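Protein chains: 2
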Amino acid sequence: MQTIRIGLIGAGTVGSGVLKILSEESARFEKEYGISLNVHTICTRTPSKIAPISKLFSKVKITDDYKQVVGNPEIDTIIELVGGTTISEEIVLGALQSKQTVITANKALLSEKGEIIYRTAEENHTEIGFEASVGGSIPIIRAIRNCLAGDKILGLYGILNGTTNFILSKMETEGLDYKEALKLAQEKGFAEADPSFDVEGIDTAHKISILGSLAFGEKIPLQNIVVEGITKITRLDIAFASDLGYRIKLLGLVRKLDGKVEARVQPVMIPKHHAFASVMNETNAVYYKTAFAGPGLIVGKGAGALPTASAVVSDLIYYGSRRGKNLPMEKNRFPKASISEANQTEARYYLRFNTLDQPGVLAEIAKDLGTNGVSISSVRQNESEKEPAEVVVVTHPCVEASISASLGRIDTSEVVLEPSVAIRLEDKL
Amino acid sequence: MQTIRIGLIGAGTVGSGVLKILSEESARFEKEYGISLNVHTICTRTPSKIAPISKLFSKVKITDDYKQVVGNPEIDTIIELVGGTTISEEIVLGALQSKQTVITANKALLSEKGEIIYRTAEENHTEIGFEASVGGSIPIIRAIRNCLAGDKILGLYGILNGTTNFILSKMETEGLDYKEALKLAQEKGFAEADPSFDVEGIDTAHKISILGSLAFGEKIPLQNIVVEGITKITRLDIAFASDLGYRIKLLGLVRKLDGKVEARVQPVMIPKHHAFASVMNETNAVYYKTAFAGPGLIVGKGAGALPTASAVVSDLIYYGSRRGKNLPMEKNRFPKASISEANQTEARYYLRFNTLDQPGVLAEIAKDLGTNGVSISSVRQNESEKEPAEVVVVTHPCVEASISASLGRIDTSEVVLEPSVAIRLEDKL
Chain A
1 MQTIRIGLIG AGTVGSGVLK ILSEESARFE KEYGISLNVH TICTRTPSKI
51 APISKLFSKV KITDDYKQVV GNPEIDTIIE LVGGTTISEE IVLGALQSKQ
101 TVITANKALL SEKGEIIYRT AEENHTEIGF EASVGGSIPI IRAIRNCLAG
151 DKILGLYGIL NGTTNFILSK METEGLDYKE ALKLAQEKGF AEADPSFDVE
201 GIDTAHKISI LGSLAFGEKI PLQNIVVEGI TKITRLDIAF ASDLGYRIKL
251 LGLVRKLDGK VEARVQPVMI PKHHAFASVM NETNAVYYKT AFAGPGLIVG
301 KGAGALPTAS AVVSDLIYYG SRRGKNLPME KNRFPKASIS EANQTEARYY
351 LRFNTLDQPG VLAEIAKDLG TNGVSISSVR QNESEKEPAE VVVVTHPCVE
401 ASISASLGRI DTSEVVLEPS VAIRLEDKL
Chain B
1 MQTIRIGLIG AGTVGSGVLK ILSEESARFE KEYGISLNVH TICTRTPSKI
51 APISKLFSKV KITDDYKQVV GNPEIDTIIE LVGGTTISEE IVLGALQSKQ
101 TVITANKALL SEKGEIIYRT AEENHTEIGF EASVGGSIPI IRAIRNCLAG
151 DKILGLYGIL NGTTNFILSK METEGLDYKE ALKLAQEKGF AEADPSFDVE
201 GIDTAHKISI LGSLAFGEKI PLQNIVVEGI TKITRLDIAF ASDLGYRIKL
251 LGLVRKLDGK VEARVQPVMI PKHHAFASVM NETNAVYYKT AFAGPGLIVG
301 KGAGALPTAS AVVSDLIYYG SRRGKNLPME KNRFPKASIS EANQTEARYY
351 LRFNTLDQPG VLAEIAKDLG TNGVSISSVR QNESEKEPAE VVVVTHPCVE
401 ASISASLGRI DTSEVVLEPS VAIRLEDKL
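Here the protein sequences come in this chain order: A and B. In this text, residue positions in the first sequence follow full-length UniProt numbering: the first is 1, and each later residue adds one. In this text, residue positions in the second sequence follow full-length UniProt numbering: the first is 1, and each later residue adds one.
Possibly wrong hints are sitting among the right ones.
To be verified - Taking lysine-lysine and the DSS-like style, the derived pairs with C-alpha atoms no more than 25 Å apart in a straight line are:
{"hint": "1", "chain 1": "B", "residue 1": "Lys219", "chain 2": "B", "residue 2": "Lys260"}
{"hint": "2", "chain 1": "B", "residue 1": "Lys31", "chain 2": "A", "residue 2": "Lys289"}
{"hint": "3", "chain 1": "B", "residue 1": "Lys219", "chain 2": "B", "residue 2": "Lys331"}
{"hint": "4", "chain 1": "B", "residue 1": "Lys31", "chain 2": "A", "residue 2": "Lys260"}
{"hint": "5", "chain 1": "B", "residue 1": "Lys325", "chain 2": "A", "residue 2": "Lys325"}
{"hint": "6", "chain 1": "A", "residue 1": "Lys31", "chain 2": "B", "residue 2": "Lys260"}
{"hint": "7", "chain 1": "A", "residue 1": "Lys325", "chain 2": "B", "residue 2": "Lys99"}
{"hint": "8", "chain 1": "A", "residue 1": "Lys31", "chain 2": "B", "residue 2": "Lys325"}
{"hint": "9", "chain 1": "A", "residue 1": "Lys188", "chain 2": "B", "residue 2": "Lys428"}
{"hint": "10", "chain 1": "A", "residue 1": "Lys428", "chain 2": "B", "residue 2": "Lys188"}
{"hint": "11", "chain 1": "A", "residue 1": "Lys99", "chain 2": "B", "residue 2": "Lys325"}
{"hint": "12", "chain 1": "B", "residue 1": "Lys31", "chain 2": "A", "residue 2": "Lys113"}
{"hint": "13", "chain 1": "A", "residue 1": "Lys188", "chain 2": "B", "residue 2": "Lys289"}
{"hint": "14", "chain 1": "B", "residue 1": "Lys31", "chain 2": "A", "residue 2": "Lys31"}
{"hint": "15", "chain 1": "A", "residue 1": "Lys289", "chain 2": "B", "residue 2": "Lys20"}
What the hints assert, rightly or not - Stretch-level coverage of chain A by chain B, calculated; a stretch enters the list once three of its residues show a Cβ under 8 Å from a Cβ in chain B:
{"hint": "16", "stretch": "142–154"}
{"hint": "17", "stretch": "264–278"}
If you're looking for bench data, these hints aren't it; they were derived computationally from the structure. Nothing here was measured: the structure is a model prediction, and the numbers come from that model. Backbone N, C-alpha and C define an ideal beta-carbon position, used for all residues, glycine too.
All chains, please: the whole structure from these sequences, using the hints.
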């Protein structure tokens, strides 16, 4: 029987979830997987809080000093659930240098300090598992590493942030505006008091950077990802999208075309009939396209104590079983991807113009679009008694640069009252 | 570098797909996974057909005698793509007895002869990979084995047969009747000339038997699965389902309640708004409920040369990497599950009665249902100029035995013109 001696650092909600699962299921894991998962030490700033659950483990040590865990020769695997990128970096690097296996849920650390972490793991011939860092309980990292190993991934599309998906869902289903939906998300515990990390798309960018690098075997640095959040999405755009047969989602995407990688986090419109569009509220999902297997979709809970803990424990079993077995080490270090020029990739666009209701407005907009090579697929301007009028244009495929140039010009017009809105259509999923 | 010497037995569509992937991607697999996949021998009844692709492999041997592969000490891994349950059994058992790793897509063989196959693998300390046997490219077996290892599966629900899902989809979207949709499926190559294996639910039963056993660590024999096909589903029921907000799917399900396993393959009604219901045409999907991770859904191509081949190659890499590494062997042999009494499980039902349009009919039906303890949730009888009238009843939860008893009595009535229809509602997915 393979025995794994675990040091847990950080016993908050996810850490407590890990302890709960281990206390309830360890006997079954021994029977089913032939692996014994022993909790050796728990490191927490508030030992009193975990007293009840730690009692379920015999001989477990409790400490508030992570140095009792990192490098401790009696511990072969550490679980880092501290979060952030400062102490957690010390912990992870220290553990790897001591040849301890590391399991973490820390996407910020990996996407910001991945280079040194992965190199340290490689140099010390030890492994780092981070299934819980992306998509919570969705087994997307294992899917890329093992399940799709015999395939070639062409593109990954993720709804990877529960906060923003919840907000956009409620804006549509409850007719809320952005601020109301954000407030509701905060009340329900789906959004932080300062939600900017989520709503500005940064969290999704961290995740898509990790997934994209694994999928293509090429490093996709954060600064190469076009990132746009959902703060400018209005109830009006969501309603127009719905009328046109689309739903707005904050999508993280990486895809490869002609050897170059396109990496974006943006609100986009997805056809409503597509299974991907039915991923609502705080649920996460990843849609993938591959060379051989064809498209696939994985949907599940993207956050929460037990879903995330479940991914941590799966990693414990997986990496625990591999420990000391002289298997080829999983690769995490890759050469930098060649990134495509963001404003030169093609897409169809939804454009909305808030204009005075007077003759010639549509002609002016159409002319400016045409001048910049933007071809119109459809136009709608609803009859309205009162100004302003909303003109909605759906374009044929064109490069982003043409859209920017058109809008740059149109927005200087006296008949256009607000900055115009442009949202990409992802209609070829 | 781990080197795997492969014997491929059966070079039809999937086998050719495997050769195509290996010829194109082997160099990348070496780089990414540190494993060299060498095709040593190809066994096929028609060597001339594979001449073009076999040229892409240097020094490959071609034979029409599987005994050149099975037990050949120069070959450590065989891929069995012969199908059926006769020669394939000899091949698989012979290979395992020779301590060769076996990769197979043969669900019929595994669900009918699994016991002896898994025992032989165990006794010879070798492994058998069968990701390709269920759900084609959907990595559901790996998901159960690795991704959800740290969790506890409570239920698995699969749309696992492309033929039947295609037929049901076309009946809905094109308004075809069953025979027309079957004909279309046959024309498109999604159904066999004799489709009974698919449309009667047997293929789905094979797959759910394999998945269920892995999910619960308890053997679910084929004969313990309630199996009902789609041949009695009418366009009318599909339309009524749609009006009620449901979609009819052939669902294979296994779930555990109070220590007992319920195992069924049946056409059921799924709420249309559920992501599972948006799995259309030949696409497959598995929806799972777990103790910790919460529900999840995996969608993808369930069949086809390259999707299935992609799963075979993923298994080659996975089991190839594990070969000779003294890892805990994956378990496939389990104690027999305790199966719940089929007609005592509770569900809501959709019932349709084809009746004469005369006073008292509804009262008679309602009385018979009530007598058998079936409580009515809603009734609809559309106004109609011509007989027969269709009476549609949706019940509150009740056991199947009550439904059978009610229908047994109602169908003897003179006012009921055709055998009544009962379809379970799976509305708590």
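Violations among the numbered hints: 14
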